[in-house]
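Position chain G against the provided structure of chain S, taking the given hints into account.
Those sequence lines, one after another, are chains S and G.
Quick note on the numbering used here: the first sequence kicks off at 1 and runs consecutively.
Quick note on the numbering used here: the second sequence kicks off at 114 and runs consecutively.
Read the hints as simulated data drawn from the structure, not as lab findings.
For clarity, every value in this text was computed on a predicted model and none was experimentally measured.
A few of these clues could be false.
Unchecked claim - 20 Å max Cα-Cα, derived SDA-like pairs, lysine to any residue:
#1 Lys41/S <-> Thr217/G
#2 Lys40/S <-> Pro153/G
#3 Lys36/S <-> Gln116/G
#4 Lys18/S <-> Thr80/S
#5 Lys192/G <-> Arg125/G
#6 Lys172/G <-> Ser132/G
Unchecked claim - One-sided excerpt, in silico: chain S residues whose CB lies under 8 Å from chain G:
#7 Lys41
#8 Pro42
#9 Glu56
#10 Gln102
#11 Phe104
#12 Gly105
#13 Gly107
#14 Arg109
Claimed, not checked - A few chain G residues facing chain S, derived, Cβ under 7 Å:
#15 Arg144
#16 Gly145
#17 Lys155
#18 Gly156
#19 Pro157
#20 Phe159
#21 Thr162
#22 Tyr204
#23 Lys210
#24 Phe213
#25 Gln215
Glycine included, C-beta positions come from ideal geometry on N, C-alpha and C.
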Amino acid sequence: ETGVTQTPRHLVMGMTNKKSLKCEQHLGHNAMYWYKQSAKKPLELMFVYNFKEQTENNSVPSRFSPECPNSSHLFLHLHTLQPEDSALYLCASSQEATSDTQYFGPGTRLTVL
Amino acid sequence: EDQVTQSPEALRLQEGESSSLNCSYTVSGLRGLFWYRQDPGKGPEFLFTLYSAGEEKEKERLKATLTKKESFLHITAPKPEDSATYLCAVYYNQGGKLIFGQGTELSVKP
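Next comes chain S alone, as it looks inside the complex (with noise of 0.2 Å):
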């Protein structure tokens, strides 16, 4: 595997339920973000993680949750979503969380019903 990949690929889910999506990144970075894509908005960052530590959360509510367990890996748990929650989440990783290029993976296409 090469670059950046996201599993899976698509998810439905319903509100109570819990599921996590996961990325991996075969480049050697040290920052990992996850973002929001919605339709016809501006991609919108959610965390930014930095040599594991979180660095940044952009007033995501609580019921997003995030995990780095090493620069390789970042996970987003999901628990008692809404429907407006319902978007392609991307992740992307950069050799530092600076103003170094941002790479992205392919994305989760979520759907909450």
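Frame of chain S; chain G shown alone:
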């Protein structure tokens, strides 16, 4: 307010018809401007990074330029496979993060 604005929102071209996409920004202390291409249902694909006014970068039919207030993505003799949404993003001193414009949806017809 720090923001990034892209225009036009949508652009339809005939194959071979050259044009430009605009990205204007109002941030202080620009540290980098990034262009990405995004196909439907996929993640953004990195194209260019520009760091200072006057800088230019080229890749195949694409050329990106940067001034103190805006960036242009010039597309020369586009082909249908250039159809995608093009995203601009800015990293600046006070923000400490990347902020994106809303994108320009480009459609190239044969």
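Do the hints match the structure? See the list:
| no. | hint | in the structure |
| --- | --- | --- |
| 1 | Lys41/S <-> Thr217/G | 12 Å, holds |
| 2 | Lys40/S <-> Pro153/G | 12 Å, holds |
| 3 | Lys36/S <-> Gln116/G | 18 Å, holds |
| 4 | Lys18/S <-> Thr80/S | 7 Å, holds |
| 5 | Lys192/G <-> Arg125/G | 12 Å, holds |
| 6 | Lys172/G <-> Ser132/G | 15 Å, holds |
| 7 | Lys41 | 7 Å, holds |
| 8 | Pro42 | 4 Å, holds |
| 9 | Glu56 | 6 Å, holds |
| 10 | Gln102 | 6 Å, holds |
| 11 | Phe104 | 4 Å, holds |
| 12 | Gly105 | 5 Å, holds |
| 13 | Gly107 | 5 Å, holds |
| 14 | Arg109 | 7 Å, holds |
| 15 | Arg144 | 4 Å, holds |
| 16 | Gly145 | 4 Å, holds |
| 17 | Lys155 | 6 Å, holds |
| 18 | Gly156 | 4 Å, holds |
| 19 | Pro157 | 5 Å, holds |
| 20 | Phe159 | 6 Å, holds |
| 21 | Thr162 | 5 Å, holds |
| 22 | Tyr204 | 4 Å, holds |
| 23 | Lys210 | 5 Å, holds |
| 24 | Phe213 | 4 Å, holds |
| 25 | Gln215 | 5 Å, holds |
The structure agrees with every numbered hint stated previously.
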